[in-house]
Amino acid sequence: MAPVGMDGGTDSLRATGRWGRARQWLATLTVRQWLLAAFLLVLVGSSPFGGLRAQRAEATPTLSVGVEQTVAPVRLTVTKVRFGSDLGVPQAAKIDGRYVVVFAKVTGTDEKRSVPMYDALRDLLRIEQVPGVTKPFSTDPEPSSDDLRPDTILVADDAERMGDLAPGLTYTLAFVWRQAPGQPVPTSVRVAAYSHTFRQASIDDTYDWRDATRAAVGTFPATAYEKPAAS
Amino acid sequence: MRVPRPNRAQLGAGALVLAALSVGRVVTEWLPEDPSPVRAFERTTTLDREVHLRYGNLRVTEVDGGKQLATSTSAMLSPGLWVTAHVDFTPTVDKVGPAYAELRDGEGRVLTRGSRNVLECKVINPGISGHCLVAFEVDPTALAGSHLALTVNVNDQRGDDMAVVDLGITPAQVATWKARTTPVELLMPKDAT
Amino acid sequence: MRRPTRRTVLTIAALPVALALALGASSQRLVDRWWPTFPNEQLAAAADGSVRLSDTLDDAKGTHPRVVTMRFTSLERVSDYQEAAGAKTLPATVPADQTLWRLTLHFAADPRTVLGACEVQVRDADGRQYSPGVGDAVEDVSEFTSCTPPGAAGPMAALSTDGPDQSFDPRPAEYDRRYHLLMPSGVRPDNVRVWFDTPLYAEFDVTEP
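Protein chains in written order, with numbering that gives the first Met the number 0: chain A, 0 to 230; chain B, 0 to 192; chain C, 0 to 208.
What the hints contain is simulated information worked out from the structure, not anything from laboratory work. Keep in mind that this is a model prediction, so the values were computed, not measured. Note that the Cβ used here is the ideal one computed from N, Cα and C, for glycine as well. Check before you lean on any hint, since a few could be wrong.
Okay, the calculated bits of chain B under chain C, using three or more residues with CB under 8 Å as the criterion [what the hints assert, rightly or not]:
1) 86-93
2) 116-128
In silico lysine to aspartate or glutamate, EDC-like type, Cα no more than 20 Å apart, as pairs [as the list claims (entries may be wrong)]:
3) K189(B) <-> D96(C)
4) K121(B) <-> D135(C)
5) K94(B) <-> E142(C)
6) K104(A) <-> D157(A)
7) K94(B) <-> E202(C)
8) K121(B) <-> D204(C)
9) K94(B) <-> D168(C)
10) K87(C) <-> D123(C)
11) K94(B) <-> D96(C)
12) K177(B) <-> D157(A)
13) K121(B) <-> D139(C)
14) K121(B) <-> D96(C)
15) K94(B) <-> D125(C)
16) K94(B) <-> D47(C)
17) K121(B) <-> E142(C)
18) K111(A) <-> D165(B)
19) K94(B) <-> E118(C)
20) K177(B) <-> D156(A)
21) K111(A) <-> E41(B)
22) K189(B) <-> D135(C)
23) K111(A) <-> E106(B)
24) K189(B) <-> E202(C)
25) K189(B) <-> E138(C)
26) K94(B) <-> D123(C)
For each label pair, taking beta carbons as the anchor points, the in silico distance ranges come out as [to be verified]:
27) A12(C) <-> R121(A): 52 to 58 Å
28) E28(B) <-> V30(A): 35 to 41 Å
29) V140(C) <-> N56(B): 54 to 60 Å
30) S114(B) <-> D204(A): 22 to 28 Å
31) A12(C) <-> A21(A): 57 to 63 Å
32) N56(B) <-> E141(A): 50 to 56 Å
33) G50(A) <-> D165(B): 48 to 54 Å
34) A12(C) <-> R148(A): 53 to 59 Å
35) T60(B) <-> S184(C): 21 to 27 Å
36) A17(C) <-> T205(A): 26 to 32 Å
Extracted from the complex, chain A is given alone in its bound form (with noise of 0.2 Å):
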């Protein structure tokens, strides 16, 4: 395809000078050259923001204490929040922070196989807008707690770390993340969860978990962690 000038070539014997080079090559492009460069612009232009996706739903489902939501794929409720520097069991023993911890019943809702720990199980919560939380295995506060994943994931009724969540089964888990020290104590702290679906990646030919999307949200009251009584 030769671009040819739209109002032919005597104004090349005219053009001198660096913009009027440029003014005589813009003449060559074509219409369809033009709508081509206007859509890259689009392109990198939003893709700073986040490209053309879908940006956050405002209204999303809320979270509250003891009503149960399903987040695919699981059925979850958020039973309390709680903060302290020592849960009393190995997996989260003393620490100079804190521990911020979200108890959720969780059960699976996938009816073939079990929910995994990689990727679904670990990405279901976050807490969002808690100051100095720290990544996993790291001690450095974060300017942002609302993508890091937790720390660990316990099973309530035993305090070891959860595995893959087998169907028909109803756990009480503590999604545990850690605050690094001399930071405020969280009062309220606001949970999100998030969906996930079942698809093939287009790159290579595995299943998993994938597209995780915030579909509920809501704001729960944080107190001390109370050990319980020894028995």
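We have chain A; now place chains B and C onto it with these hints.
Just chains B and C now, kept in the frame of chain A:
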């Protein structure tokens, strides 16, 4: 700007492209929808009956169950039931042991191992009898009729032998296990080498 | 009907070639993932039976040359465990129908070379592969396969670009390394394979002890 009128050859080419796309669509719909159309070679057996696999001989010798599980490193309480199995495994080719386990419950649901369920093997060398410990947390309503599937490649089970063992669990057994108050102990036998 | 043009004929003739290319391209996983992860490229042995490996090792700080010469010394049935010549001898309780073997290999490499991990296998004539390990036969011993002397592994691969160079105790320029293996009685070892990074490997014939 004028839109040129397509000639017959161009229209024909367009029609052919559309036809090829439709054929592709039909073929795709014909293919199995299962996540993994290339499956493992399943070798079925029952409790206490040895099965010969490409990489070794395997026999489930003992099945037990209960709400609490005690291993050498942890004590765990299940909201359902723990079902445990002792497995004798003798490699025949090289030093490998079962590294992948899944439990297929009585309703055909697949329970993956994850990090809480147990698969621990002690394998020495080809020709020497080794031993594995297995424990899965299961929904008691679907426990009867469960099968245990074991193979050696944890990342990819396709294209290799997989032992599928009917654990022979009966509803009566499940009722006994539900009523049990003592933990199920799952320990490597001392004489296993 | 028109006769097919030259272009049509050429296009149709090119179809089988394109199909072959497409099939070849889809074997990428075989070529990239399966083939190089097995030892399948045997290194040539010198006249004296030693094998010289000359390749490179990649770590966080870059690519380093690795030259190491390996030689088979002995493979014998033993009744006790001794980590190295002169080390303490530990009693072994070998189950009936099993035999404990001691394999000795000789290595020579510049003490400044990062050797990295390696694998050692004893194979019988049917291709069965036996790995070092003593099970419960010797108390408080866990055999792990390396190609460096116990406690003197020398420099190790860097895990990060900015960290200090990590090193175990200095490694001698030449040394014997012993491995203990439990095998079923009646196994007749045929050869020994050693490799650092696949697919390159050294193979030594075992002479009947």
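Going down the list of hints, with the structure as the test:
With a threshold of 8 Å between beta carbons, the proposed coverage of the region 86-93 of chain B by chain C holds, since 3 of its residues qualify and at least three are required. Look at the region 116-128 of chain B against chain C: 6 of its residues bring a Cβ nearer than 8 Å to a Cβ of that chain, three or more, so the hint holds. At roughly 18 Å between alpha-carbon atoms, K189(B) and D96(C) fall within 20 Å of each other, so this suggested pair holds. Taking the CA atoms of K121(B) and D135(C), the gap is near 10 Å; set against the 20 Å cutoff, the hint holds.
Among the hinted pairs, K94(B) with E142(C) is consistent with the structure: their alpha-carbon atoms are about 14 Å apart, no more than 20 Å. Between K104(A) and D157(A), the direct Cα distance comes to roughly 15 Å. Compliance with the 20 Å bound is thereby established for this hinted pair. In summary, the hint linking K94(B) to E202(C) is supported, as the alpha carbons are separated by about 19 Å, within the 20 Å threshold. Taken as a hint, the K121(B) and D204(C) pair is broken in the structure, with Cα atoms around 29 Å apart against an allowance of 20 Å.
A C-alpha spacing of about 31 Å is found between K94(B) and D168(C), which places the hinted pair above 20 Å, so the restraint is violated. For a cut-off of 20 Å, the pair hint linking K87(C) to D123(C) is broken: about 30 Å separates their Cα positions. Note on K94(B) and D96(C): the hinted pairing holds, with a Cα-Cα distance of about 18 Å set against a maximum of 20 Å. For the given pair, K177(B) sits about 18 Å from D157(A) by alpha-carbon distance, which is consistent with the 20 Å threshold.
In summary, the hint linking K121(B) to D139(C) is supported, as the alpha carbons are separated by about 16 Å, within the 20 Å threshold. For the hint linking K121(B) to D96(C), the alpha-carbon distance of about 18 Å falls within 20 Å, and the restraint holds. The suggested pairing of K94(B) with D125(C) holds, with an alpha-carbon distance near 15 Å, which does not exceed 20 Å. Between K94(B) and D47(C), the direct Cα distance comes to roughly 31 Å. Violation of the 20 Å bound is thereby established for this hinted pair.
Between K121(B) and E142(C) the CA atoms are separated by roughly 14 Å; this keeps the pair inside 20 Å, and the hint holds. The straight-line distance between the Cα atoms of K111(A) and D165(B) is roughly 19 Å, inside the 20 Å bound, and the hint therefore holds. Of the supplied pair hints, the one linking K94(B) and E118(C) holds, its CA atoms being roughly 12 Å apart against a limit of 20 Å. With a C-alpha separation of about 17 Å, the suggested pair K177(B) and D156(A) falls inside the 20 Å cut-off, and the hint holds.
Between K111(A) and E41(B) the alpha-carbon distance is near 19 Å, which keeps this suggested pair within the 20 Å criterion. A hinted pair counts as satisfied when its Cα atoms are at most 20 Å apart, and K189(B) with D135(C) qualifies at roughly 9 Å. Under the criterion of a C-alpha separation no larger than 20 Å, the hint pairing K111(A) with E106(B) is consistent with the structure, at around 9 Å. Between K189(B) and E202(C) the alpha-carbon distance is near 36 Å, which puts this suggested pair outside the 20 Å criterion.
The hinted pair formed by K189(B) and E138(C) meets the criterion: a straight-line CA distance of about 13 Å does not exceed 20 Å. Of the supplied pair hints, the one linking K94(B) and D123(C) holds, its CA atoms being roughly 13 Å apart against a limit of 20 Å. Separation of A12(C) from R121(A) is about 55 Å and conforms to the stated range, judged on CB atoms against 52 to 58 Å. One distance hint, 35 to 41 Å for the beta-carbon pair E28(B) and V30(A), holds here, with the actual separation near 39 Å.
Under the hint 54 to 60 Å, the C-beta atoms of V140(C) and N56(B), about 28 Å apart, miss the expected range. With their beta carbons about 25 Å apart, S114(B) and D204(A) fall inside the hinted range of 22 to 28 Å. One distance hint, 57 to 63 Å for the beta-carbon pair A12(C) and A21(A), is violated here, with the actual separation near 48 Å. Between N56(B) and E141(A) the C-beta distance comes to about 52 Å, which sits within the given range of 50 to 56 Å.
The hint said 48 to 54 Å for the Cβ distance between G50(A) and D165(B), and at roughly 51 Å that hint holds. Under the hint 53 to 59 Å, the C-beta atoms of A12(C) and R148(A), about 56 Å apart, fit the expected range. Separated by about 24 Å at the C-beta atoms, T60(B) and S184(C) satisfy the suggested range of 21 to 27 Å. Between A17(C) and T205(A) the beta carbons are some 28 Å apart, a value that agrees with the proposed interval 26 to 32 Å.
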